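Turn these sequences into a full structure, and let the hints steer you where they fit.
Quick note: the sequence shown uses full-length UniProt numbering, first residue 1, plus one each step.
Careful: at least some of the hints might be erroneous.
Claimed, not checked - With beta-carbon atoms standing in for the labels, derived distance ranges:
# : residue 1 : residue 2 : range
1 : G185      : L34       : 43 to 49 Å
2 : D166      : D144      : 24 to 30 Å
3 : K44       : P74       : 34 to 40 Å
4 : R129      : K102      : 23 to 29 Å
5 : F135      : L34       : 18 to 24 Å
6 : E19       : R158      : 17 to 23 Å
7 : R188      : K89       : 38 to 44 Å
8 : F182      : S90       : 18 to 24 Å
9 : S189      : S90       : 42 to 48 Å
To be verified - Below, a list of computed lysine to aspartate or glutamate pairs in the DMTMM-like style, where the Cα atoms sit at most 25 Å apart:
#  : residue 1 : residue 2
10 : K102      : E60
11 : K89       : D42
12 : K137      : E36
13 : K102      : D162
14 : K62       : E146
15 : K89       : D40
16 : K89       : E132
No lab work stands behind these hints: they were computed from the structure.
As the structure is a prediction and not an experimental result, all values here were calculated from the model.
We treat Cβ as the ideally placed atom computed from N, Cα and C, and that holds for glycine.
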Amino acid sequence: MAVSSAGSGRHRKNPYHRELNAKFLRRGYTKDQLPELRKDWDKKQDECLRRAGGSFRVIEPKLGDPSEVLFPIPNSQYAIRIWDGGMEKSSQFLLDYFDIEKEVPVDTPRGYEIHPVPMPGLTWCGIPRSYEFAFGKRPDEIPDGEEKYLIPEGGRFRLVRDGHPDFFFVVPSRLDRMGVQFATGIRRS
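What follows is the structure in structure tokens.
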């Protein structure tokens, strides 16, 4: 399974490729260079997909899944839900929004947007986008509750909502769950 769409003309329909085009143009590339840049980008994504075994399978958490973590969002009926989802080999987690009252996953609520919080050693380019967005699906094409995000373990993020303070959260680390403790240095006087 490949995500490549170079040469197919799909970039005009794929909102993710529109974002890539804008990013490349901001960096000073020309419109004539965009097809080759997207082709290289797609090739890199295909390689990531190949290393992941050829596909990204979304494994929903079962009731009692020890990897499932909920971050209740203040002044909201929703939570940010994070779980392994079969992504251990790539050191990532799956994320979605979860309606706490109804106990069901929901698509990204209107006006909600997750932003990375910069931290040393972790590079993040732009705002996280859902799988569905990355593969060119429009919001009306996504079945209710199916929208998922892939995020790195240990990452720091903030949820931005109109009319509310930003909500900060840290993605778990599997090392924490395994009981690994890192030594901390001491300062000499």
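Going down the list of hints, with the structure as the test:
Look at G185 against L34: about 47 Å separates their beta carbons, and that is inside 43 to 49 Å. Here the CB-CB span from D166 to D144 is close to 27 Å, well matched to the stated 24 to 30 Å. The hinted window of 34 to 40 Å between K44 and P74 holds, with their beta carbons roughly 38 Å apart. Distance hint check: the CB atoms of R129 and K102 are about 25 Å apart, consistent with the given range 23 to 29 Å.
Separation of F135 from L34 is about 19 Å and conforms to the stated range, judged on CB atoms against 18 to 24 Å. Taking 17 to 23 Å as the suggested C-beta distance range, the pair E19 and R158 conforms, at roughly 20 Å. At about 40 Å, the CB distance of R188 to K89 agrees with the hint of 38 to 44 Å. For F182 and S90, the hinted distance range of 18 to 24 Å is satisfied, since their beta carbons lie about 22 Å from each other.
Distance hint check for S189 and S90: the Cβ-Cβ separation is about 43 Å, which falls inside the suggested range of 42 to 48 Å. At most 25 Å may separate the alpha-carbon atoms for a hinted pair to count; K102 and E60 meet this at roughly 17 Å. As the CA atoms of K89 and D42 are separated by approximately 21 Å, the hinted pair is consistent with the 25 Å bound. A threshold of 25 Å between alpha carbons decides the hint, and for K137 with E36 the separation of about 23 Å falls inside it, so the pair holds.
In summary, the hint linking K102 to D162 is supported, as the alpha carbons are separated by about 23 Å, within the 25 Å threshold. With a C-alpha separation of about 15 Å, the suggested pairing of K62 with E146 holds against the 25 Å cut-off. With a CA separation close to 24 Å, the supplied pair K89 and D40 stays within the 25 Å bound. A C-alpha spacing of about 21 Å is found between K89 and E132, which places the hinted pair at or below 25 Å, so the restraint holds.
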